[in-house]
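Construct the entire structure; sequences and hints are all you get.
If you're matching them up, the sequences are chains A and B in order. Take 1 as the starting number for the first sequence in the numbering used here and just add one per residue. Take 1 as the starting number for the second sequence in the numbering used here and just add one per residue.
These aren't lab readings, by the way, just hints derived from the structure by calculation. Just to be clear, a hint being listed does not mean it is correct.
Listed below are the simulated SDA-like cross-link pairs for lysine to any residue, each with C-alpha atoms no more than 20 Å apart in a straight line [unchecked claim]:
| # | chain 1 | residue 1 | chain 2 | residue 2 |
| --- | --- | --- | --- | --- |
| 1 | A | K91 | B | G165 |
| 2 | A | K91 | B | A220 |
| 3 | A | K91 | B | D227 |
| 4 | A | K91 | B | R223 |
| 5 | A | K91 | A | R226 |
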Amino acid sequence: MSNWIPLWVHKLGSPPTFYRFAGIVMPWMMALALLVGALGLYGGLVLAPADYQQGDAYRIIFIHVPSAWMSMFVYAVMGMSSVIALVWRIKLAEVVAMESAPIGAAFTFITLVTGSLWGKPMWGTWWTWDARLTSELVLLFLYLGVIGLYHAFEDRRQGARAAAFLAIIGIINVPIVHFSVNWWNTLHQGSTVKLFGPSKIAWDMLWPLLTMTLATKFYYLASLFRRVRTDLLALEGGKDWVREIARSEGDQ
Amino acid sequence: MNRAGTATACAAMLRRDLTLAWRRRGDITMPVLYALIVTMLFPFALGPEDTLLQRIAGGVVLVTVLLAMLLALDAMFSSDIEDGSLEQLVIAPQPLALMLGMKILAHWITTALPLIVIAPLLAGMLHLPTAVMPVLLLALLLATPLLSLLGAVLVALTAGTRRSGMLLALMLLPLCVPAVIFAAGAVAAAQQGLPWAAPLAWLGSALVLAIVLAPLACAAALRIALDA
Numbered sequence: 001m002s003n004w005i006p007l008w009v010h011k012l013g014s015p016p017t018f019y020r021f022a023g024i025v026m027p028w029m030m031a032l033a034l035l036v037g038a039l040g041l042y043g044g045l046v047l048a049p050a051d052y053q054q055g056d057a058y059r060i061i062f063i064h065v066p067s068a069w070m071s072m073f074v075y076a077v078m079g080m081s082s083v084i085a086l087v088w089r090i091k092l093a094e095v096v097a098m099e100s101a102p103i104g105a106a107f108t109f110i111t112l113v114t115g116s117l118w119g120k121p122m123w124g125t126w127w128t129w130d131a132r133l134t135s136e137l138v139l140l141f142l143y144l145g146v147i148g149l150y151h152a153f154e155d156r157r158q159g160a161r162a163a164a165f166l167a168i169i170g171i172i173n174v175p176i177v178h179f180s181v182n183w184w185n186t187l188h189q190g191s192t193v194k195l196f197g198p199s200k201i202a203w204d205m206l207w208p209l210l211t212m213t214l215a216t217k218f219y220y221l222a223s224l225f226r227r228v229r230t231d232l233l234a235l236e237g238g239k240d241w242v243r244e245i246a247r248s249e250g251d252q
Numbered sequence: 001m002n003r004a005g006t007a008t009a010c011a012a013m014l015r016r017d018l019t020l021a022w023r024r025r026g027d028i029t030m031p032v033l034y035a036l037i038v039t040m041l042f043p044f045a046l047g048p049e050d051t052l053l054q055r056i057a058g059g060v061v062l063v064t065v066l067l068a069m070l071l072a073l074d075a076m077f078s079s080d081i082e083d084g085s086l087e088q089l090v091i092a093p094q095p096l097a098l099m100l101g102m103k104i105l106a107h108w109i110t111t112a113l114p115l116i117v118i119a120p121l122l123a124g125m126l127h128l129p130t131a132v133m134p135v136l137l138l139a140l141l142l143a144t145p146l147l148s149l150l151g152a153v154l155v156a157l158t159a160g161t162r163r164s165g166m167l168l169a170l171m172l173l174p175l176c177v178p179a180v181i182f183a184a185g186a187v188a189a190a191q192q193g194l195p196w197a198a199p200l201a202w203l204g205s206a207l208v209l210a211i212v213l214a215p216l217a218c219a220a221a222l223r224i225a226l227d228a
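See below:
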C-alpha cells in the first residue's frame with residue numbers, strides 16, 4: 001500500500017527522471033539558499049552583538065564554521081554515494097559522488113582561507129601545524145586526489161569508479177577532522193556548538209550560525225543538482241531522452 | 001586439470017618477481033642513490049651545523065625514504081600491465097589478493113629493504129646519535145611496509161591511466177601523514193630520552209590492519225581499474 005516511497009526513490013535513480021526532478025527543484029533550492037543566507041548574514045553581521053573579547057572580528061565565524069561543517073558533510077555524502085556506486089553500480093550515484101568533490105573542495109578551501117584570515121588577528125599567525133588545521137588540509141588534498149584521479153581516466157565511468165574507491169579510503173579522515181580538537185588539545189578551540197547538551201554560545205550568535213548552515217546546505221543541493229544535470233547530459237549524450245531535450249531546446 | 005596449490009602459487013609469484021628485479025639490478029640501486037643525494041643536499045641547504053642537523057636527522061631520513069619509495073612505486077605493476085600478465089593474474093584461480101600480497105612483498109624487498117640498509121648511513125651523515133639508530137630502524141621497518149601496502153592500493157587504482165606519477169604523489173602523500181607522524185614521533189622521543197614504544201605500537205597496529213586489508217583493497221581496485 002505505502003510502497004510508493006521506495007518506488008519513487010527507485011525511479012529517481014534513473015537519469016531522465018532525476019534530470020527532470022533536479023530541474024524543478026534546483027531553482028527553489030537556489031532561492032532558499034540566497035534568502036536564508038541573506039537572513040543569516042543580516043543576523044550575524046548586524047543583529048548579533050560584538051564579542052566581549054574579539055570585538056567584531058569574530059563575525060567571520062558565520063562563514064568559517066558553516067563551510068567547515070559542509071567540508072565534512074560533503075565528503076560524507078561523497079563517501080556514501082561512492083559506496084552505493086561501487087556496490088549497486090548505480091550511474092547516478094557515481095555522478096553525485098564525482099560532482100560533489102569540487103563543491104566539497106571549494107568549501108574546504110573557504111574554510112582554510114577564512115580560518116587563516118581569522119587566525120592572523122586572534123592567534124597572531126596565518127597558519128600553525130595544529131591538529132585540526134592539518135587534518136583539514138589533508139581533507140583538501142583528498143578532495144583534489146579524487147578529482148585528479150577522476151579526470152586521469154579516459155573512460156568517465158571507469159574514472160568515477162576508481163575515484164569513488166579512493167573517496168572511500170579517504171573517509172577515514174573525516175572523523176579525524178571532527179574529533180581532532182578533542183583528541184589533541186592544541187591551538188584551535190574546541191567545539192562550542194553541541195548537538196546534545198547545551199551549546200557554549202549565546203543564542204543571539206547561535207541562530208545566525210545555524211541559519212547560515214542551512215543556507216550552505218541549500219546552496220550545496222542547488223549547485224550539486226546543476227552540476228549533475230550537466231554531467232548527465234554529457235554522459236547520456238547518445239540516448240533518446242537527451243536527443244529529445246536537444247531537439248526541443250533547438251526549436252526555441 | 002591440475003591446479004597449483006595456493007602456497008605453491010605464492011612461492012612462484014614471489015620467486016618470479018624477485019628474479020625479474022634481480023635481472024634488472026640497476027633499477028634497485030636508483031632509489032638508494034636518490035635517497036643518498038637528497039640527504040646530501042640538506043647540509044648544503046641548511047649549513048653544516050651539528051646541532052641543527054642532529055635535530056632534523058630523523059625526520060629528514062624518514063621523508064627521504066618515503067620519497068624514494070614513491071619514485072619506485074610507479075613501477076610496481078607497470079611492466080605486468082604492458083605484457084598482459086596482470087590480466088592473467090586477475091583471471092587465475094588463485095585468490096588475487098594473496099597474489100598481489102606476494103607482489104607487494106617482493107616490491108618491498110627490492111625497494112624498501114635496500115633503503116633501510118643504507119638508512120644508518122643517511123642518519124650518520126646527519127649526525128644522528130648512535131643510540132637512536134635502532135629506534136629509527138625499527139620505525140622504518142614498521143613504516144615502509146605500511147607505505148608499500150597503501151601505495152599498492154593507489155597504484156592499482158591508477159593502473160588504467162597513462163600519466164600517473166604526480167597523481168600518485170597527490171593521492172599517497174596525504175594518506176601517509178599518520179605514518180610519518182608516528183615514525184618521526186618515535187625517533188624524536190628516543191632522541192630526547194623519552195619512552196618511544198607508544199608511537200611504534202600505533203605504527204605496528206596500523207601495519208597489521210594494512211596487511212589484512214590492503215591486499216583485498218588492492219585486488220578490488222585493480223578489478224575496477226582494469227575492467228573497461
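Exercise for review: Mind checking the alpha carbons of K91(A) and D227(B) for me, to see if they're no more than 20 Å apart?
Suggested key: Given pair K91(A), D227(B) holds - Cα atoms ~16 Å apart, limit 20 Å.
Practice item. Sort out whether R223(B) lies within 20 Å of K91(A), counting only the CA atoms. Key: Distance of about 18 Å is within 20 Å: holds.
Review point. Are K91(A) and G165(B) close enough, with their CA atoms no more than 20 Å apart?
Key: violated (29 Å)
Check your understanding: Holds or violated: K91(A) with A220(B), Cα cutoff 20 Å?
Key -> holds (19 Å)
Point to revise | Hint consistency between K91(A) and R226(A) [alpha-carbon to alpha-carbon, up to 20 Å] | key: Judged against 20 Å, a Cα distance of about 17 Å means the pair holds.
Of the numbered hints listed earlier, the single one contradicted by the structure is hint 1.
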